[in-house]
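Colleague: Spelled out from the first residue to the last, the chains are:
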Amino acid sequence: LAKTTQPISMDSYEGQEVNITCSHNNIATNDYITWYQQFPSQGPRFIIQGYKTKVTNEVASLFIPADRKSSTLSLPRVSLSDTAVYYCLAIIYNQGGKLIFGQGTELSVKP
Amino acid sequence: DAGVIQSPRHEVTEMGQEVTLRCKPISGHDYLFWYRQTMMRGLELLIYFNNNVPIDDSGMPEDRFSAKMPNASFSTLKIQPSEPRDSAVYFCASRAQRAGFMDTQYFGPGTRLTVL
Numbered sequence: 410l411a412k413t414t415q416p417i418s419m420d421s422y423e424g425q426e427v428n429i430t431c432s433h434n435n436i437a438t439n440d441y442i443t444w445y446q447q448f449p450s451q452g453p454r455f456i457i458q459g460y461k462t463k464v465t466n467e468v469a470s471l472f473i474p475a476d477r478k479s480s481t482l483s484l485p486r487v488s489l490s491d492t493a494v495y496y497c498l499a500i501i502y503n504q505g506g507k508l509i510f511g512q513g514t515e516l517s518v519k520p
Numbered sequence: 133d134a135g136v137i138q139s140p141r142h143e144v145t146e147m148g149q150e151v152t153l154r155c156k157p158i159s160g161h162d163y164l165f166w167y168r169q170t171m172m173r174g175l176e177l178l179i180y181f182n183n184n185v186p187i188d189d190s191g192m193p194e195d196r197f198s199a200k201m202p203n204a205s206f207s208t209l210k211i212q213p214s215e216p217r218d219s220a221v222y223f224c225a226s227r228a229q230r231a232g233f234m235d236t237q238y239f240g241p242g243t244r245l246t247v248l
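Chains A and B, in that order, give the protein sequences. Okay, so the first sequence: first residue is 410 according to our numbering, each after it adds one. Okay, so the second sequence: first residue is 133 according to our numbering, each after it adds one.
It is worth saying that the hints were derived from the structure and are not from the lab. Take these hints with a grain of salt, some might be off.
[What the hints assert, rightly or not] Listed next, with one range per pair, are the computed distances between beta-carbon atoms:
1. A:Pro-449 x B:Arg-217: 18 to 24 Å
2. B:Asp-162 x A:Phe-448: 46 to 52 Å
3. B:Asn-203 x A:Ser-418: 40 to 46 Å
4. A:Ala-475 x B:Asn-182: 39 to 45 Å
5. B:His-142 x A:Gln-512: 24 to 30 Å
6. A:Thr-465 x B:Pro-213: 23 to 29 Å
7. A:Glu-467 x B:Leu-248: 40 to 46 Å
[Claimed, not checked] Pulled from the structure, derived: some chain B residues nowhere near chain A, Cβ distances all over 10 Å:
8. Gln-149
9. Asp-188
10. Pro-193
11. Lys-210
The beta carbon of each residue, even a glycine, is placed where N, CA and C say it ideally should be.
Please construct the entire structure, taking both the sequences and the accompanying hints into account.
Modeller: The structure is reproduced here in structure tokens:
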């Protein structure tokens, strides 16, 4: 199973771009990289998913280099409401989309 | 769409009692997952179903835990007997599998279980 490693915490200020990098050295060929966001007292919420290169949606961008051993979630111009825990994980395609959550990165956005 | 529905939202019980957590997945989703979250262990996958059939229960901690999915719109996670170390937030999530496309999991609001 692909093990992911990401920083435990990060601080930022409103309006800044935040980049959270995750390493997944033993990712399998069929694994997708997925990021979830979790606010206190809520379930995780899907942010973005990718397999390689770059993916962008209305919330974030995801950069995955050719070797796929790492990925970077980019949040443009964060606001206080982006304060949450962000999980990088591999979604195991051959196992029904099984998710293995790591420790997550606690992002704190300050005014 | 109402999203994934879990009940109860909070449960407080005494050690040794049976606890049943309930989940209604999003209509049309054919995968259902049960997770447990604690400060010490983070988010752990307990079991998941595909088309009402349990596929992987390797995350179920011990025989005191059992899960069922009698139909496509309902699942239960039962703990019997409960112990204080079972105290956690239990999440249910569902997902649809579309051919050639990896869909996302949608999580419910969770059930906060406290075992005294």
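Colleague: Hint by hint, note whether the structure agrees.
Modeller: Here's how the hints hold up against the structure:
no. : hint                              : in the structure
1   : A:Pro-449 x B:Arg-217: 18 to 24 Å : 22 Å, holds
2   : B:Asp-162 x A:Phe-448: 46 to 52 Å : 27 Å, violated
3   : B:Asn-203 x A:Ser-418: 40 to 46 Å : 42 Å, holds
4   : A:Ala-475 x B:Asn-182: 39 to 45 Å : 33 Å, violated
5   : B:His-142 x A:Gln-512: 24 to 30 Å : 26 Å, holds
6   : A:Thr-465 x B:Pro-213: 23 to 29 Å : 50 Å, violated
7   : A:Glu-467 x B:Leu-248: 40 to 46 Å : 44 Å, holds
8   : Gln-149                           : 24 Å, holds
9   : Asp-188                           : 7 Å, violated
10  : Pro-193                           : 16 Å, holds
11  : Lys-210                           : 20 Å, holds
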